[in-house]
Structure formats: C-alpha cells, structure tokens
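Colleague: Construct the entire structure; sequences and hints are all you get.
Protein sequences appear in the order of chains X, D and B.
What the first sequence shows, in this note's numbering, is residues 1 to 313, in sequence order.
What the second sequence shows, in this note's numbering, is residues 1001 to 1597, in sequence order.
What the third sequence shows, in this note's numbering, is residues 2001 to 2205, in sequence order.
Everything labelled a hint here was simulated from the structure, so no lab data went into it.
Every value quoted in this text rests on a predicted model; they were computed, and no experiment measured them.
Using C-beta positions, here's what the derived DEER-type ranges look like: (1) D:1069 - X:122: 57 to 63 Å; (2) B:2188 - D:1461: 56 to 62 Å; (3) D:1217 - X:90: 53 to 59 Å; (4) B:2119 - X:292: 50 to 56 Å; (5) D:1061 - X:158: 20 to 26 Å; (6) D:1354 - X:128: 31 to 37 Å; (7) X:128 - B:2188: 45 to 51 Å; (8) B:2063 - D:1076: 52 to 58 Å.
Beta carbons: idealized from backbone N, C-alpha and C, even for Gly.
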Amino acid sequence: MIWKHLGLPVDASAHGVQIDKLILWVHVLMIVLFVGWGLFFLYTIFRFRRGANPKADHDGVKTHASSYLEAVVALIEVALLIGISIPFWSWKVNAAVTESPDTVHIRIVAQQFAWNIHYPGKDGIFGRSDIKLVNEQTNPIGLDRAGDPHAKDDIVTINQLHIPVDTPIICEVTTKDVIHSFFLPVMRVKQDTIPGMSIPVSFTATMTSDQIREQLAKTITLPSEQKLEGIVALQDYAGKDGKAIVKAGKSVTDAVAKKLVEAGITEIRVGPRVPAEIACAQLCGLGHYRMKGFLTIHEKSDYQKWLAEQAEE
Amino acid sequence: MSAHTHDHEHHHAHEPGFVRKYIFSTDHKWIGIQYGVTALAFLFFGFCLVMLMRWQLAYPGKAFPIAFINHLLGEARMPGGVMAPEFYNQLGAMHGTIMVFLGVVPLAVGAFGNYLVPLQVGAQDMAFPKLNMSSYWVYFVGGVVMLGAFFVPGGAAQSGWTSYAPLSNITVPGGAEFLSRILTGQTMWLLGMVFLITSSLLGSVNIIVTIVQLRAKGLTWMRLPFFIWAQLVTSFLLVLAFPPLEAAGVMQLMDRLFGSSFFLPSGLVISGKELAVSGGGSALLWQHLFWFLAHPEVYVLILPALGIVGEVIANNTRKPLWGYKSLVYAAIFLGFMSFVVWAHHMFLTGMGTTINAFFQTTTMIISVPSIVILTALILSLWGGSIRFTVPMLFALAFLPMFGIGGLTGLPLGLATSDIHLHDTYYVIGHFHYVVAPGTLFALFAGIYFWFPKASGRKLNETLGKIHFWVSLIAINGVFMPMFIQGMAGVSRRLYDGGTTYLHAQDVLMLNKVMSHSAWLLGAAQLVFIVNFFWSIWAGKKAENDNPWEATTLEWATPTPPPHGNFTQIPEVYRGPYEYSVPGAKRDFTPQHLPQEV
Amino acid sequence: MSADIVIPYNDTDRPDTGLYNAKLGVWLFLASEVMLFGALFSTYILLRVGAVKWEHGADILNIPLATLNTMVLIGSSVTMVLSWAALKAKNFPRYRLCMGLTFLAGIGFLIIKTIEYKAKFEHGLSPATSTFMAIYFTMTGLHALHVIGGMIVNGYLLGPGAKMWHTEPRRFTNRIEVAGLYWHFVDLVWIFLFPTLYLLPGKGM
Ligand code: HEA
Ligand code: HEA
Ligand code: CUA
Ligand SMILES: [Cu+2]
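Modeller: Below is the structure:
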C-alpha cells in the first residue's frame, strides 16, 4: 500500500505497485540528496559567514569526495532505470498486445468533451465505424449498424466504462478530434489519445468498485455544513424504531441526513457513489476540465449481467 | 586597419541625437537596458495574468472581486465577473508564452547577455552593433504582435504554450476571408513566434561572435568568467534549436492560412462534422518539432541563471569558484545532451520500448551535468568569507530551489513514474521550481548585483531584504503544494482546479493556499518595483566603479560605462576569480591588473 | 563619442581563430538555416513514411522548368564566386558585371518559379490539395523567400553598398564573400529540393 504514504490515489490495479514503487524509490533518493546537500549547505553558510571567517581560503574544498558522490547518484539512477523503469515499460507494451482467452477488449473513442466507450458485444468483434455515419446525438462514433453484421450487437456508452475485476483488459484508445489523455487514476493508466492512431493500453483491476469505496470510506459528522452529494452509506442506519433510514450502498442526501439527525445519529460512514473516474489529462479545449467519465468495476458475474442489460437496450 | 577613417570621423564627432541615443541606439549597454526593462514589464504582465487565473482556481465560479478589472476585461471574457473557460485557457497559454519567450529569455540573454558580454570580454561593443539594435526591435514587434492577440476576435491563443496540434489548428480558425484568418489568436501567436525566433537568432549569433572574436588580449578560454561560458552555450542552443520550431510555425501557418494539413490526419470529426481538409498530416510531428526546441529552451532558461549565480557567489564568498573547469565542461556537455532528450515530454504518446528506453536514458544522463554544476557551486561556499548581500541572498536561495526543481525532474524523466505524474500539477511544480525561485531568483540576484554598474547607485538593502524574504516564503507557498496535488493526480490546465474530480477532493483546499501565496508574492514584487525606480534617482551612490570589489572586466570601466566602455582597451593577466590570493594585500585581484596589489 | 568605437577583426582575421567577424557570423547563421531546412526535410520523410499515397513529383510538377531553374541557380553561384574573385584581383568593373549577372539570374529564377506556381494554381493545385503539394509549396516558397533575401543583399552590394569599395576595399571584399556563402547555401538547398520533390517516385498512386 505504497500509495497511502505518498498521497497517491488508491491503487486498484495489478501493475500499479510497480509504478508506485518507482515513485517511492526516486523520492527516497531525492529526499536523501536534498537533505544531505541541504544540511551541508546550511552548515557551510553558517560556518563561513563573514563574521566567523573574515578571511576566505583561496582553495576551499580539497578532497574529491564529491566526484564519488556524483558517481553514486548516477549509479542509483541507472539502477532505477534498468531495474524498474525500462523493464516495466517493455512489459507494458507487450501486455497490451498479448492476450489471454479471457481478455476483455474495449475501444475508447475520445472527443471534445466526452468518452465514448465501445464494447464488441456478444460476437467479440468490433463493428466497423465510418465517420460519414457520425451523428452526435444518436451515433457518436459512426458505427455502421446497418451495413456490418458485427456492429449489430455492439454496445456504446458515453462516459461509462464498466469492467470486470481480475480480468486482463485491453483498451484501444483513439480520438475523433484533438489529443486527449485517457487517465484512470486508480488503475495507474494514462495514455494520450492521438488522432489517426489507435493505441492499446492494458491493465487488470484488483478491486471492485465496492472495495475501492471501502478504501475511501470516511466518517462524517452530521449535520454537515456542505451539501451532501454523490455519497452513499457504507452500512445500514436505522432509526430508534428500528426502521431503516438508509441502507448500505444507498445515497445519503440532505433529506436523509436530516432524518438521521432527528434519529440522533450524528456520525455515519460514507463513501463516494462512483469511486473511480476517467479523467482527461491533456488540454483539449474549453471543456477540458469537465471531460470526466466514470469507471465501474464489477465482479465477473455482475459484469456479464451488466453487459446483458446493455444489450437489451 | 581603418585608422584613417576613424580619425576622419573623429573630427566630426558629435553627440548622437535623442532618437539614435535612446531609441535606435546601437550601444550594447543601452540595448541591454531596453531589453531588460521591456522583459521585466512582460514578466510582470505575465504574472498578472496568472494572478487572475489563481482567483478562478481558488474560488471557481465566483465573480472576481475587483469590478474595475471585470469591466476592463469585458463581458465576453468575464461574463458576470466570472471567468469564461476559454479566457482561462487564453490566460494560461499566454502566461507560459510570455514568461518564457518574452520575459525570461529576453531578460537572461537579451538584457544580461547584451549588457555584460562585451564588458566581460573587454570589447567596446558587440561584434555587430546594428544587428544588435534590430534584434531588440524585432523582439519588440514580436511582443506587440503577441499582445495584440488579446484584442482580435475570439481572443488570444488558447491551446497552451505548447500549442499542440490539432487543437491549435482548429480552435478559432477564422472565417473565409484571409484577413479574418490572420486576425485570430493562434495565428498571431505563430506570427509573434516567428519574430521572436528571428530576434533570438540575430541576438545569439551576435553574442557568439562577440565572445569568440572580441575577447581582449590575454583573455583565453579558460580565463573567461563562467557567466560568459553560460551565455556561449545558451547562444548555441538558441541558434540550433529555434529553427525547427520556426519550421513548425511556418507549417502551422500554412495549415491555418492556406488550408494545408501538415498536422491534421485524415478523418477528423469536429463537433459532429468531418473536417474538410486533405488530411495525411501527423499530430505528433508538431510535438516533435516543438520539443526539439523547447527542451533545449529550458536550458536556455537555466544556463544564464547558473552563470549569474556563479559570478555572485564567487564575489560574495571572496574565493574562486570551486571546480571551474568541471563547470565549463558540464555546461558544454549539458548543451550537447539537451538535443537528445526532447521526447521525454512525449512518453505517453504511444512510444515503443526502444525509443522510450533511449529517451529515459538520455534524460538520466542529462541530470548528471546539472548535479555536477550544482555541486561545484555549493562546494564553492566552503572556506569562503560569505557576505550576505541582497544579490548573494538570492543566489544562495537559488541553490536549494533549483535543487527541488531539478530533483523532481527525475521521476518525470523515468517513463514509468511519468505515467502517473505526466500532465499533473507535479509537472507544474517541477518546472516552476526551476524557473521561478530558480531562474527568476538568479535574475533578481543579477539585477541587484549589476544595478550599481548600470546606474551608479545601489538598490536599497532593506527593501531588497524584504523583497527577498517575502518572495522566498510566498513562492514556496505557491509551488510546494503543487507536488501534493500532482501526486494525488490533479491534472494541469483545469479551469476549475479539479473541483469535480474525486481524487482531487482531499487536496482542493491547497488551491486557496497557493492563490493567496501568489498574491502575497505579487505584493512583494511591488516592493521591488518601488525600490527599482526609486533607486535610479535617489539610491545610495556606489562608492566607486567597483563597489563589490570584484575581479572581472566590467568593473574596470567608469560608472556607468560610456559609449565604448573602456577608457583604455584592457588586457587580461589572470583567471576570472582571483579572490583572496595568498600573499596579496587585497582580497581581490582584478583580471586586468598586471600585478597583484 | 560614438566615433571612438573600433570593432576589431571586421576586415582582418583574428589570428587565433583565423576568421573575421562576419565570416563566423554567417557560418553560424547557415548552421541555423541547416536546422531550419533540416526540420522541413525531416517532415517530408516523416509524412511520406506515414502516408498511404504519395504523388510522384514528375507527374504533376514541371521537370524541364525545374531543371532550367537548377542551371540558372548553379550559374548564379558561379558568377557569385567570379565577382568575389574579381574584387580579389582588384577589378571592380568585372565585379559589377558578375554581380549584375548574379542578380539577373536571381530574377530569372523567380520568374520561372512564378510561371511554375501559376500553372499549379491554374490546375487547381494548392497547399490544400495534398500533403505532397503542401510540402512542395512550403519548401519551395521558403526557398524562394531565401532567394529574395539574397537578392536584396546582392542588390545592395551592387548598388548603394558598393561605395564601400572606395573606402574600405578589404571589408567590402569580405562582404561579398559572406554574401556568396549565403548564396551558395541557397543554391545547395535547391539542389536537395529538386530531386526530393521532382524526381523521387511516389507511392501507392
Ligand atoms: C529551467 C527549466 C528546466 C530545467 C533546468 C529542467 C530540468 C529537468 N527537467 Fe524539466 N521541464 C521544464 C523546465 C525545466 N526542466 C518545463 C518548462 C517543463 C514542462 C513543459 C510543459 O509541459 O509545459 C518540464 C518538463 C519536464 C518533463 C516532462 C514531464 C511531463 O510532461 O510528464 C521531464 C521528463 O523527463 C523533465 C525532466 C527534467 C530533468 C530530468 C531535468 C534535469 O536537468 C534536472 C537535473 C537537476 C538536478 C538533478 C538537481 C541537482 C541538484 C542538487 C542535487 C542540489 C540540491 C541542492 C541543495 C539542497 C542546496 N522536465
Ligand atoms: C519562465 C517561465 C515561467 C515563470 C517565471 C512562471 C512564473 C509563475 N507561474 Fe507559471 N507557467 C509557465 C512558465 C512560467 N511561470 C508555463 C510555461 C506554464 C504552462 C502553461 C501551459 O499550460 O501552457 C505555466 C503555468 C502556470 C500555472 C498552471 C496553470 C494551469 O495549468 O492551468 C500556474 C498556476 O498557478 C502558474 C503560476 C505561476 C506563478 C504564481 C508564477 C510566479 O512565480 C511569478 C513570479 C513573477 C514575478 C516575480 C515577476 C517578476 C517581475 C517583476 C517584479 C517586474 C518588475 C518590473 C520592473 C522593475 C519594471 N504558472
Ligand atoms: Cu479531453 Cu482534455
Ligand atoms: Cu525537457
């Protein structure tokens, strides 16, 4: 759980620990260097202030210890580079193209200012899309549902990415217009979407949304000063009469909060309703800041259910 | 030689008129001052833009409290006093552009380079004085064009200082008429850049030729002040790195004005409509050309600063710089390496393993010469007799501040950790530490240090110390929290500072801390501005021509140096930092004196 | 007292570097020009490699005219060298002649270029037509601007600037050498442009 100590977002991915580990070790190196040099620096300017040392020494430092120090720093950098960074990258690139039988493929088509998520449907094959067929309201990615049989069962959502837990996912990211950047903080995934290119990124979720929500649990005191929005209770709360006021997983709104206070409950455990998001990390125009999507991680069976529901619509 | 013409002219010599002396002057010192004042004004302006942005970041969606400014900016930019998102983006792009291209580079190279290079190499002027004048004026025009962009329909450029295509190609493209396409923010930005690049080219060719050709007798390579080396390497970077951006600029102009599609791949759909261009271009091409310049550019920002810090440290420790040769070689090596790291800004554009490994490795390599330089500067303090003058305070603060900025470059340089940190506030924190409390502090050190040479008066110490301490505290208050936000994953260039994102919730309140620090920083600059203008007229007179008891040649001139600089062409007898020479009576031995005194 | 300023090595070589100022200056300038055109040639390569279709220059561009232009430009480089040699030999009238011819060749080049451009526009070909045409217009256009720049310098040295021959002949000769270096560079760029744009085969057409 390196992320907890570094102030990083929750890490709910299989590979994330590698990234976090590297961030940790580089920062250890940085802090050691900074503190070391900093102490030397402070001591030096104190000891050699004019008042204490009216006559400067023409030669100053005579040892060459600093060269060794520089060599050691360079070696540590090389170690991090060869030990973690380069191997990780080649793993990442390879993982994005090798697949196992249960790999889930999803296409991500970014646009100003939304994420179109394209699932291949039952047949497992993405239908053809054609820019001529694009209609912002009904068919944002221009899927050829009439012409291509593979397209018939495809599922397209906007800003809603759903994936199963413990399953390798390969997202092919691309864009209709400008460069965006597909950022899943809790998955330690970030990939620029480049017009004219389709770039695979792979990851495996190790926690479901519910588990992530547990990680983000907070106890809040009621009545709250802020408006309550987008949070759910993490356990059941019942009034004095034993009747449930709010069940685990259900929204806590201002109205609910009022009832809770009336029932004498002033501290509740809550978590965010959607505990994982898609962020756009690259400036893509005036709506860049609101180009947010949602990531939901299901148990494997729930994922199938969700797919089935979507297919019906 | 032209001895007879010179004699001939001498008889007719008369004071040049006002215009020749103050506006179209060919005197490198006056041009330096012109550069300096213009660049400081731009820096201040760029800072004002960001102070405005910081309001929106701290209080997203709230009306800006100064009605007069809202009125000035108008309803289009500040509807109901609340900043429009496109205006936020304009401010961001223009802040970056102005600070880098109109502020720091003209100040570091244009002003300090122009003013000091001929003085420190013992020359009467730059090698090409008329060219020098024109480079200032081309810069000026570039600045006017850039600023003019705020007034065209649709407002200034709004695609970041990086102007990534295709966003920059398609944002406010202008109408069907040619003129309406020229009068758009992005086109003005491109035209402005063409001027600025041309100006930098002329200026840096001039500096290189001056250093190589006009060095005084006896001033061998290894006797050059470190500042001169820094300017030399910087100028080479400008000469070689800027043209590819010029090429890119020309191509984007073609795209915007003549409908070509260098940066537009086929099949783009903008707001539901297919973009009607021939396509076949490459969006990444722009990034490669841009970073091929912009990475060396960051060393253009830092090298002159390192040079200034070196001069100030040697003078105020009263001892030579430690490891002069290693400083020089590291600077040269840094210059070379800076051409082969550019794609570390592009790790997430879909790179394969090999290219990625290459650029990570070169990035780690380039951190080594920086560490060597910083180490040498810190070790130079050991054994000194340190005077805590205002320039020295700024130079000393530079060291750990650059240290923070430089060290935080390392996790960005390793592609694996960059996955999480790329395009977050961590990056913003990284580079502001190197450019703001780094370079800007070094430039302040330089201003406080050379002000007495240029004006004959010293800046006020007390005001200087207030300026220093308040700036130091405030600037850390602005940029330190950025690392925390960045780690949490908050993206940069967010109009609302990340308000809606879940991962930002715990660090949102830092936005207020940063904004208030930024305004405090702004207040501290007022102290400096007052000090600056007040001291020109009424500051304490410098004791003599060499008030800091320094060794380099610029102090061997009358104050302020007259046209032609030296009363007698100097000859150089020793290295640049002969302070506290054992056996000498005084603790400094100027370069131009034949004997120790 | 502006008259007191003497910039050394304006007309003589500095012993340790073996250069006079303007010569170093122009070499640096040319280095930056190499980077400018280098970036454009790299663009050509990058876009071509990534393209599905690429025109064969010979199919749409006018090779005979371009060949003629190549000769004109090479010829002008020769007269440029001759004009410098004439000054070295202290033969000012011959300088005038050779420099005049260089200037005329520049005009010739631009006329031919204009004819070529006009034909393209008449056929509806513009930078918006294809990446190939965009590169063609950008590179040849930028090159033509360089020719115009060179002609302004040459024209000045031929006309008002030539007065210097009578006051500072050495410095004037150096100016011609420097202008010549630039002119040869412009010539050289064309020699790369010509095969790249006109002769290289297309792909996928
Ligand atoms: C002056 C400017 C400057 C300087 C010097 C540097 C220096 C470095 N930079 Fe930085 N950088 C920028 C300006 C600068 N940078 C800018 C402007 C951007 C963002 C552009 C944008 O996207 O808008 C950027 C972005 C940037 C990125 C891209 C990040 C991303 O977008 O994801 C990377 C990645 O490799 C990087 C790396 C480095 C490295 C490894 C160094 C190394 O050279 C640093 C080496 C230095 C050290 C290692 C310090 C050593 C010192 C000590 C050890 C002493 C400590 C002292 C005391 C305590 C007294 N930088
Ligand atoms: C040299 C470069 C430079 C400098 C010095 C600065 C200085 C500062 N910058 Fe900036 N900044 C950039 C380059 C720079 N910046 C770039 C390239 C970007 C990215 C843009 C993009 O996303 O495209 C950026 C982005 C950026 C952002 C992020 C915006 C976003 O992502 O949405 C923020 C946010 O706080 C910020 C703040 C500041 C602050 C508070 C300062 C302060 O440190 C300012 C301090 C200023 C002074 C101290 C002024 C000194 C001058 C005077 C006092 C004048 C005196 C005058 C006379 C005497 C005549 N900058
Ligand atoms: Cu899409 Cu930012
Ligand atoms: Cu860089």
